[in-house]
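Listed below are the residues making up each chain.
Protein chains: 2
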Amino acid sequence: MVNVRQAVILGAGLGCRLNGVLNGRPKGFLQFGRRPIIEESIAKLIRTGINDVIIVTGYCFEFYDRLAEKYPFVRTIQSPEFATTGSMMSLCMPAPWVQSDFLLLESDLIYEVRALQTLQSSARENCILLSGKTGSSDEVYVGVRDNRVVNMSKCRGAIEWLGGELVGISKITRALYQQMTSLAAEKCKQNRQYQYEDCLTDLSSTTAIHYHRLENLAWTEIDNEQHMNKALNEIYPLIQRRDSETVVSKHVERRVLLNPGPATTTDTVKYALVVDDICPREKEFGDLVEGIRQDLVRIVHGGDAYEAVLFASSGTGAVEACLSSVVPHDKSVLIINNGAYGKRMQQICDGYEIKHIDYDIDWGEPLECNAIERLLTQHRQDISHLALVHHETTVGILNELSTLSHLAERLGVEVIVDAMSSYAGIPIDIKDSGIHYLVASANKCIQGMAGLSFVICKTESLEKTKDIKPINLYFNLYQNYAYFSHKHEMQFTPPVQVFYALRQAINEYFLETEQGRAIRYATLYDVLEKGLQALGFRFLLETEYRAKLLTAIIEPKDTRYAFSEMHDYLYERGFTIYPGKGTLQNTFRIATIGALTEQDIVNFLVHLEAYLVEKEIRLRPQQREPIVGPRSSLGRTIVEQAV
Amino acid sequence: MVNVRQAVILGAGLGCRLNGVLNGRPKGFLQFGRRPIIEESIAKLIRTGINDVIIVTGYCFEFYDRLAEKYPFVRTIQSPEFATTGSMMSLCMPAPWVQSDFLLLESDLIYEVRALQTLQSSARENCILLSGKTGSSDEVYVGVRDNRVVNMSKCRGAIEWLGGELVGISKITRALYQQMTSLAAEKCKQNRQYQYEDCLTDLSSTTAIHYHRLENLAWTEIDNEQHMNKALNEIYPLIQRRDSETVVSKHVERRVLLNPGPATTTDTVKYALVVDDICPREKEFGDLVEGIRQDLVRIVHGGDAYEAVLFASSGTGAVEACLSSVVPHDKSVLIINNGAYGKRMQQICDGYEIKHIDYDIDWGEPLECNAIERLLTQHRQDISHLALVHHETTVGILNELSTLSHLAERLGVEVIVDAMSSYAGIPIDIKDSGIHYLVASANKCIQGMAGLSFVICKTESLEKTKDIKPINLYFNLYQNYAYFSHKHEMQFTPPVQVFYALRQAINEYFLETEQGRAIRYATLYDVLEKGLQALGFRFLLETEYRAKLLTAIIEPKDTRYAFSEMHDYLYERGFTIYPGKGTLQNTFRIATIGALTEQDIVNFLVHLEAYLVEKEIRLRPQQREPIVGPRSSLGRTIVEQAV
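These protein sequence lines are chains F and G, in that order. Just so you know, this note's numbering puts the end of the first sequence at 1092, numbered straight through with nothing missing. Just so you know, this note's numbering puts the end of the second sequence at 1092, numbered straight through with nothing missing.
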């Protein structure tokens, strides 16, 4: 795992060989610069993304306790028998607090920050940092074979193949740590001086302990006066110089998100977040926003007739912006509710006391256009807007757009579409579809980062809302639009970095092309569908109603099945799946959007199958009929009434 | 400049030596993989952050025009006389569209993406990419001296010190481009075959043309059949393999933001945005949010009595959340308005029709507690809340907190404080100060990224709002709080990456310590104040009222002064300053918050002085008295009535 968040520092030791220098301090409180070396070490850990530093204390523990008071991310755990036990006993102490992979350090080290960056960027699990020759006279030599550590010794002669010298900084997985503490429980009975290095060696025959060698790393531990002097005169100044020149760098690992957004992103979109600091009131930033606004409209072929208005918010924020800004106070909106997001539109209207007429059907049921037409006709004088969700991710249904919008057009009703989970995933022609307001966000099929949402508005309609008295400030659509139009700036502080990521994501969308993305997503879905069928899973929706961007799957009835267990099994292997929503708790959901490849889906299916086999969960491949559809009576028993 | 956004590709050429192969296509449409080499080149440009690709076309221009139709980030400019002119004439064609530094490429290249990454990461301006020996038989050798390019030639003998071989990819500043087009206007009169390489050589004696050599870069131009074959058999497969292994990387340049937020951030906070994709409904993310919520409270010493509620929004969003959620429908809020942000609170209340009683004084005037006490007493039955801005950045005034909050406490009124621009910059004890709701955002003195805001709520007060009927959805404080408390998840999709950056920023805050940050900010202000005084600038506010985080400065009356000119002069040198707000247009503003050092302020002052000298702007150092204060009559003439 790259970029671990915890660190454990072994700081219990007595420092016998430095008695004259320490004056009753622990070794970590030796000082060469402005702060004790332990504080410098902590600062380096924080710099490389550590959030949680556990120091195992013993000798003069109160020094470290004061650090824990000063820094909220530091906590201390006492090793009561430190004076008579080895380092492995100390390392067992924080077991209840070690939640994840961690960096393990000794407290008496000075080192370049590059040492931590190297381990944090390394894809190798259980990785020990080695250096070239130090001549410290106190070296721990590390023997290696086949890229693995095999033994360690202070005696060079005991090593066959020399990997390098042990620095005292390692990256340890939680699994290895559990093995280490188990082994230590036994070993310490015989040998209270059992050291963590010995423990690693003992485990190395069964568990791969890797290493990373940094040839010219400047570092030393401070164990005696000779080390002190060399540190003071040579090594510390060298570290200071090199650290000041070290450029921050970051590696990421690929995880496959199968939840319905935020979707998996490309690494280039991730790194697009890293930009020079910029004030968003600068023209340079205004130009960026303007380009994005135009391209968001271009994606749905809005030409010059539409304007995009952006908000720093989740997608729900933009839905709220639209509903609260465009429905005249004396009019109503007809809201179609066949899932959680239709329901949410009703909640928004309830809050603001916007009049709404509801078309409520069971979640997952397809719309009946005739019924909607009847409602529209019946309330003809009252209804100004029709609002619906395009791809309702509650069940993965794709709601019919054009029949409804043409119906609305005939009756002079404007159309609001929540296209959160279809925009840029399914080709949409906003003009042909007769949509007046389309709402979406940056973190779904467009494959940008969360924190930005937008409404693509028919300019003619938007201009008409100018005279509606605003009923809020932040989400008023017209005012946000007017502010940008007049000032070429966002009305409120935008999430600057998320904009740059969206810029990159849009470029990558155009590079893939509308057709290219639609085909890729369709392929991801096909591979998933076939694979799930082969495994014997059943689907909630009939094929014809599926958006094919998210699939709701009936959970196995087997008692050996538990969603959370399946989730965790897959999560550990790099795949994130999603539970059912609301009353549809007997399903789980797999979204096939984002920067995914066919191979990702195949890999997912392989792991899913392995889980089923391991848990001996039996599916019934013969029962493959879909169970929710307009005429499915079985569906009605599974899907409870939504409102 | 690192990470330029434009690219110019020279694609006009005839490709005479490839007649048999081209079949009426331009050279960019040769194809080795799935797409023509020009499309592969464009994809690499997009991958490295280019937004705007200009292709200069000539021979078979319609091929490129089709690319421009396919990709919105591509545009084509024809070079009408391409058949009889050299490359420099072509390079002059896009002059009206070249807005910034850009990458210059030839169209007939195949190359590793690393070539672009190297130039994009290089701090060297005007940088030509060179390679080691290619043996292509068509080499352009580049002569160098003192780290600068001095000449280029196809004849090895003409080069004294060989820097390497010209690849045909360069980073050109806008300034150099202007010199090139000017020189070309002359040179082309005599020599229509003037090449861009010759132009660079001609300018190299007066302008530094740098180079970057990549020894083992895999690349070739395709000029003849020999190149074709070598590309097909060797180089293209090598490029494909290496590109698939290339890790995305990104360098940033330091800019000093002196606007009142988003503030300058550390590089470690910037890189903290780059994380593995994660679904924010995962426990791992919930834990991150929980840790941040606790630490946000800890920063203002709220102990267990307060809860932080976070929103994906700008700071204004959180102010709106607070006002719209906590004032009972039958009560009023007393709003103190002595600046734009006090006024904004009134606008929010107007939108929602929340009753408010206004204490309006001139922007920049200090509060008169007696007057506020009179209002509170007068409307005692009606007022449930008092709302004010702590540090009003309109003028940089620090509004009195504790006198007012104790007054409010006596009268049973709860206190809402917009501490947007003071939180984590000035030590605040939320309990001692008697604050019930404190609103702030991630991108000011806490030094995180924009896109996140929060309200720190006294839990006892927040719990009481449970029964107030919500008047919106997204910003309802209690519901957001309850959702997180019950589910350990944010109610609406959070800006995932901005959370990780805030985590890092908070860690760095604690590392610096509350006192450390306060002292650093105070020092930044002192250096600024002394420097501005020495230059003869005058300040809007009397010292005693200044927050000392943002300074409002009276603009020079000199006709040679113009804010936009001064801004642009400093912006080009890496410093962003800020105009006055609203009616206070005769000021400009300098914030001294963010990851800044004393040296940054000193550097800023040096550039500011250079600007004044260059423009011969005279200030009157003798007139140093502050001109706005409670008893300043002059102030009243400058500061117009705000409401």
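Keep in mind the hints are simulated off the structure, nothing from the lab. Please note that the accuracy of each hint is not assured.
Intra- or inter-copy, both count: the list cannot distinguish identical chains.
Said to hold, decoys possible - In the BS3-like style, the derived pairs of lysine-lysine whose C-alpha atoms are separated by at most 30 Å in a straight line are:
#1 LYS1006 <-> LYS936
#2 LYS936 <-> LYS1030
#3 LYS997 <-> LYS936
#4 LYS915 <-> LYS1030
#5 LYS1064 <-> LYS1030
#6 LYS636 <-> LYS936
#7 LYS636 <-> LYS1006
#8 LYS519 <-> LYS732
#9 LYS915 <-> LYS792
#10 LYS804 <-> LYS915
#11 LYS780 <-> LYS918
#12 LYS1064 <-> LYS582
#13 LYS936 <-> LYS638
#14 LYS1030 <-> LYS679
#15 LYS913 <-> LYS792
#16 LYS804 <-> LYS1030
#17 LYS979 <-> LYS936
#18 LYS1006 <-> LYS1030
#19 LYS1006 <-> LYS732
#20 LYS582 <-> LYS780
#21 LYS792 <-> LYS918
#22 LYS804 <-> LYS913
#23 LYS792 <-> LYS732
Model, not experiment: these values are computed from the prediction.
Hints and how they fare:
no., hint, result
1, LYS1006 <-> LYS936, "between (59 Å within a copy, 26 Å between copies)"
2, LYS936 <-> LYS1030, "between (42 Å within a copy, 14 Å between copies)"
3, LYS997 <-> LYS936, "between (41 Å within a copy, 29 Å between copies)"
4, LYS915 <-> LYS1030, "between (37 Å within a copy, 25 Å between copies)"
5, LYS1064 <-> LYS1030, "within (25 Å within a copy, 65 Å between copies)"
6, LYS636 <-> LYS936, "neither (72 Å within a copy, 42 Å between copies)"
7, LYS636 <-> LYS1006, "neither (46 Å within a copy, 82 Å between copies)"
8, LYS519 <-> LYS732, "between (42 Å within a copy, 28 Å between copies)"
9, LYS915 <-> LYS792, "both (27 Å within a copy, 21 Å between copies)"
10, LYS804 <-> LYS915, "both (20 Å within a copy, 24 Å between copies)"
11, LYS780 <-> LYS918, "both (13 Å within a copy, 22 Å between copies)"
12, LYS1064 <-> LYS582, "neither (50 Å within a copy, 59 Å between copies)"
13, LYS936 <-> LYS638, "neither (74 Å within a copy, 44 Å between copies)"
14, LYS1030 <-> LYS679, "neither (63 Å within a copy, 57 Å between copies)"
15, LYS913 <-> LYS792, "both (27 Å within a copy, 27 Å between copies)"
16, LYS804 <-> LYS1030, "within (27 Å within a copy, 39 Å between copies)"
17, LYS979 <-> LYS936, "neither (52 Å within a copy, 34 Å between copies)"
18, LYS1006 <-> LYS1030, "within (18 Å within a copy, 64 Å between copies)"
19, LYS1006 <-> LYS732, "between (59 Å within a copy, 26 Å between copies)"
20, LYS582 <-> LYS780, "neither (80 Å within a copy, 75 Å between copies)"
21, LYS792 <-> LYS918, "both (25 Å within a copy, 18 Å between copies)"
22, LYS804 <-> LYS913, "both (19 Å within a copy, 28 Å between copies)"
23, LYS792 <-> LYS732, "between (40 Å within a copy, 26 Å between copies)"
Hint compliance for this structure: hints 6, 7, 12, 13, 14, 17, 20 are not met, and every other hint is.
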